[in-house]
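*Asks:* To convert, count from 1 in the sequence shown and add 19; that's our numbering.
Read the hints as simulated data drawn from the structure, not as lab findings. A few of these clues could be false.
[As the list claims (entries may be wrong)] Quick list of simulated restraints, FRET-style, between CB atoms: (1) 93 / 114: 25 to 31 Å; (2) 83 / 137: 27 to 33 Å; (3) 115 / 80: 19 to 25 Å.
[Said to hold, decoys possible] The list that follows gives simulated cross-link-like pairs (lysine-lysine, DSBU-like), each with its CA atoms no further than 35 Å apart: (4) 66 / 79; (5) 93 / 45; (6) 153 / 66; (7) 148 / 80; (8) 80 / 66; (9) 45 / 80; (10) 90 / 153; (11) 96 / 80; (12) 79 / 93; (13) 93 / 66; (14) 148 / 90; (15) 79 / 153; (16) 66 / 96; (17) 66 / 90; (18) 45 / 89; (19) 153 / 89; (20) 79 / 90; (21) 45 / 96.
Built from N, CA and C at the ideal position, the CB exists for glycine as well.
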Amino acid sequence: MENNRVVIDTNVFISAIIGQFGYPYKIINELVLTGEILICLSPLLLKEYEEVSGRERFAKKFPGFPERAKKLIKALKEIALTVEPNEVIAVISDEPDNRVLEVAVAANAYAIVTGNTNDFNFEEFRGIKIKSPKDFYEEWAGE
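All chains should be built: construct the whole structure from the sequences, respecting the hints.
*Replies:* See the structure below:
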(Lines of atoms letter the chains of each structure in order from A and count residues from 1; the text may use other names and numbers.)
(Lines give C-alpha, C1' and ligand atoms only; values in the text may rest on other atoms or scores of the structure.)
Protein backbone atom coordinates (compact mmCIF):
# COMPACT_ATOMS: atom_id res chain seq x y z
CA MET A 1 0.00 0.00 0.00
CA GLU A 2 1.14 3.49 -0.75
CA ASN A 3 0.14 5.06 2.56
CA ASN A 4 1.65 3.12 5.47
CA ARG A 5 0.79 5.67 8.17
CA VAL A 6 -1.22 4.18 11.02
CA VAL A 7 -2.45 5.37 14.41
CA ILE A 8 -2.52 2.69 17.10
CA ASP A 9 -5.15 3.25 19.79
CA THR A 10 -3.95 2.88 23.37
CA ASN A 11 -5.95 -0.32 23.93
CA VAL A 12 -4.05 -2.02 21.09
CA PHE A 13 -0.72 -0.71 22.42
CA ILE A 14 -1.49 -2.17 25.87
CA SER A 15 -2.70 -5.47 24.39
CA ALA A 16 0.56 -5.78 22.43
CA ILE A 17 2.52 -5.59 25.68
CA ILE A 18 0.26 -8.02 27.56
CA GLY A 19 -0.20 -10.75 24.97
CA GLN A 20 2.76 -11.98 23.03
CA PHE A 21 0.81 -13.91 20.42
CA GLY A 22 -2.27 -11.91 19.37
CA TYR A 23 -2.87 -9.48 16.54
CA PRO A 24 -1.86 -6.36 18.53
CA TYR A 25 1.50 -8.00 19.27
CA LYS A 26 1.94 -9.00 15.62
CA ILE A 27 1.09 -5.49 14.41
CA ILE A 28 3.64 -3.86 16.72
CA ASN A 29 6.42 -6.42 16.31
CA GLU A 30 6.01 -7.54 12.69
CA LEU A 31 4.80 -4.30 11.10
CA VAL A 32 5.63 -1.25 13.25
CA LEU A 33 9.05 -2.17 14.65
CA THR A 34 10.22 -3.49 11.28
CA GLY A 35 9.26 -0.24 9.56
CA GLU A 36 6.66 -1.81 7.31
CA ILE A 37 4.09 0.58 8.72
CA LEU A 38 4.76 4.01 10.17
CA ILE A 39 3.15 4.57 13.55
CA CYS A 40 1.84 8.11 13.99
CA LEU A 41 1.75 9.75 17.41
CA SER A 42 1.24 13.12 18.99
CA PRO A 43 2.86 14.21 22.25
CA LEU A 44 -0.57 13.82 23.88
CA LEU A 45 -1.13 10.28 22.56
CA LEU A 46 2.38 9.29 23.63
CA LYS A 47 1.65 10.69 27.09
CA GLU A 48 -1.50 8.54 27.21
CA TYR A 49 0.54 5.44 26.26
CA GLU A 50 2.93 6.27 29.12
CA GLU A 51 0.20 7.03 31.65
CA VAL A 52 -1.94 3.97 30.92
CA SER A 53 1.01 1.56 30.69
CA GLY A 54 2.29 2.92 34.02
CA ARG A 55 -0.83 1.85 35.90
CA GLU A 56 -0.08 -0.41 38.82
CA ARG A 57 -2.74 -2.98 37.91
CA PHE A 58 -0.78 -3.99 34.79
CA ALA A 59 2.46 -4.37 36.75
CA LYS A 60 0.71 -6.53 39.36
CA LYS A 61 -1.13 -8.75 36.90
CA PHE A 62 1.51 -9.17 34.19
CA PRO A 63 5.11 -9.89 35.23
CA GLY A 64 7.61 -7.80 33.29
CA PHE A 65 4.92 -5.46 31.95
CA PRO A 66 6.50 -2.14 33.08
CA GLU A 67 9.86 -3.04 31.55
CA ARG A 68 8.30 -4.15 28.25
CA ALA A 69 6.16 -1.00 28.15
CA LYS A 70 9.14 1.32 28.72
CA LYS A 71 11.22 -0.50 26.12
CA LEU A 72 8.43 -0.29 23.53
CA ILE A 73 7.75 3.40 24.22
CA LYS A 74 11.46 4.15 23.80
CA ALA A 75 11.51 2.31 20.47
CA LEU A 76 8.34 4.04 19.25
CA LYS A 77 9.75 7.48 20.09
CA GLU A 78 12.65 6.75 17.76
CA ILE A 79 10.62 5.55 14.77
CA ALA A 80 7.24 7.30 15.01
CA LEU A 81 6.01 10.15 12.90
CA THR A 82 5.13 12.70 15.57
CA VAL A 83 2.50 15.26 14.63
CA GLU A 84 0.91 18.20 16.41
CA PRO A 85 -2.79 18.13 15.53
CA ASN A 86 -4.11 21.60 14.75
CA GLU A 87 -7.78 20.68 14.55
CA VAL A 88 -10.08 19.87 17.45
CA ILE A 89 -12.39 16.97 16.63
CA ALA A 90 -15.36 16.14 18.84
CA VAL A 91 -17.37 13.33 17.27
CA ILE A 92 -16.84 10.61 19.90
CA SER A 93 -18.55 10.88 23.28
CA ASP A 94 -15.52 9.45 25.13
CA GLU A 95 -13.49 12.64 24.74
CA PRO A 96 -9.94 11.18 24.81
CA ASP A 97 -10.77 9.03 21.77
CA ASN A 98 -11.12 12.21 19.72
CA ARG A 99 -7.38 12.73 20.19
CA VAL A 100 -6.77 9.54 18.19
CA LEU A 101 -8.86 10.94 15.33
CA GLU A 102 -6.96 14.24 15.52
CA VAL A 103 -3.62 12.44 15.17
CA ALA A 104 -4.90 10.40 12.23
CA VAL A 105 -6.17 13.50 10.42
CA ALA A 106 -2.99 15.50 11.11
CA ALA A 107 -0.80 12.60 9.91
CA ASN A 108 -2.96 11.85 6.87
CA ALA A 109 -3.05 8.25 8.14
CA TYR A 110 -4.29 5.26 6.21
CA ALA A 111 -5.95 3.71 9.27
CA ILE A 112 -6.65 3.77 12.98
CA VAL A 113 -6.23 0.38 14.63
CA THR A 114 -8.47 0.00 17.68
CA GLY A 115 -10.18 -2.65 19.73
CA ASN A 116 -12.71 -0.06 20.90
CA THR A 117 -15.74 -0.82 18.75
CA ASN A 118 -18.08 0.96 21.17
CA ASP A 119 -16.65 4.41 20.50
CA PHE A 120 -15.15 3.78 17.06
CA ASN A 121 -18.37 2.33 15.70
CA PHE A 122 -17.86 3.59 12.15
CA GLU A 123 -15.81 2.13 9.29
CA GLU A 124 -13.95 5.28 8.34
CA PHE A 125 -13.50 8.92 9.22
CA ARG A 126 -12.61 11.38 6.45
CA GLY A 127 -11.22 8.55 4.37
CA ILE A 128 -9.20 7.09 7.26
CA LYS A 129 -10.12 3.45 7.82
CA ILE A 130 -11.10 2.27 11.30
CA LYS A 131 -9.87 -1.31 11.70
CA SER A 132 -9.78 -3.96 14.41
CA PRO A 133 -6.32 -5.42 15.02
CA LYS A 134 -7.38 -8.68 13.35
CA ASP A 135 -8.83 -6.98 10.26
CA PHE A 136 -5.87 -4.64 9.91
CA TYR A 137 -3.26 -7.37 10.28
CA GLU A 138 -5.00 -9.72 7.87
CA GLU A 139 -5.45 -6.95 5.30
CA TRP A 140 -1.88 -5.68 5.61
CA ALA A 141 -0.06 -9.01 5.94
CA GLY A 142 -2.23 -10.55 3.23
CA GLU A 143 -0.97 -8.14 0.58
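*Asks:* Next, verify each hint and record whether it holds.
*Replies:* Checked hints:
Between residue 93 and residue 114 the beta carbon distance is about 28 Å. The supplied range of 25 to 31 Å therefore holds. Distance hint check for residue 83 and residue 137: the Cβ-Cβ separation is about 30 Å, which falls inside the suggested range of 27 to 33 Å. As the Cβ distance of residue 115 to residue 80 is approximately 22 Å, the hint placing it in 19 to 25 Å holds. Proximity of residue 66 to residue 79 is assessed by CA-CA distance (about 21 Å); at most 35 Å being required, the pair is judged to hold.
For the given pair, residue 93 sits about 18 Å from residue 45 by alpha-carbon distance, which is consistent with the 35 Å threshold. Proximity of residue 153 to residue 66 is assessed by CA-CA distance (about 25 Å); at most 35 Å being required, the pair is judged to hold. Simply put, residue 148 and residue 80 have alpha-carbon atoms about 33 Å apart, close enough for the 35 Å limit, and the pair holds. Distance restraint check for residue 80 and residue 66: the Cα-Cα separation of roughly 22 Å lies within the 35 Å cut-off, and the hinted pair is therefore satisfied.
About 22 Å separates the Cα atoms of residue 45 and residue 80, which keeps this hinted pair within 35 Å; it holds. A distance of roughly 24 Å separates the Cα atoms of residue 90 and residue 153; the hinted pair therefore holds under the 35 Å criterion. A hinted pair counts as satisfied when its Cα atoms are at most 35 Å apart, and residue 96 with residue 80 qualifies at roughly 26 Å. At most 35 Å may separate the alpha-carbon atoms for a hinted pair to count; residue 79 and residue 93 meet this at roughly 22 Å.
Our distance criterion of 35 Å between C-alpha atoms is met by residue 93 and residue 66, whose separation comes to about 12 Å. The hinted pair formed by residue 148 and residue 90 meets the criterion: a straight-line CA distance of about 28 Å does not exceed 35 Å. A distance of roughly 27 Å separates the Cα atoms of residue 79 and residue 153; the hinted pair therefore holds under the 35 Å criterion. For the hint pairing residue 66 with residue 96, the CA-to-CA distance comes to about 11 Å; that is within 35 Å, so the pair holds.
Between the alpha carbons of residue 66 and residue 90 the distance comes to roughly 15 Å, so the proposed pair stays at or under 35 Å and holds. For the suggested pair residue 45 and residue 89, the alpha carbons sit about 18 Å apart, so the restraint of at most 35 Å is met. Only pairs whose Cα atoms come within 35 Å are accepted, and residue 153 paired with residue 89 is accepted, the gap being roughly 25 Å. In summary, the hint linking residue 79 to residue 90 is supported, as the alpha carbons are separated by about 18 Å, within the 35 Å threshold.
Between the alpha carbons of residue 45 and residue 96 the distance comes to roughly 19 Å, so the proposed pair stays at or under 35 Å and holds.
In summary, the structure agrees with every hint in the numbered list given earlier.
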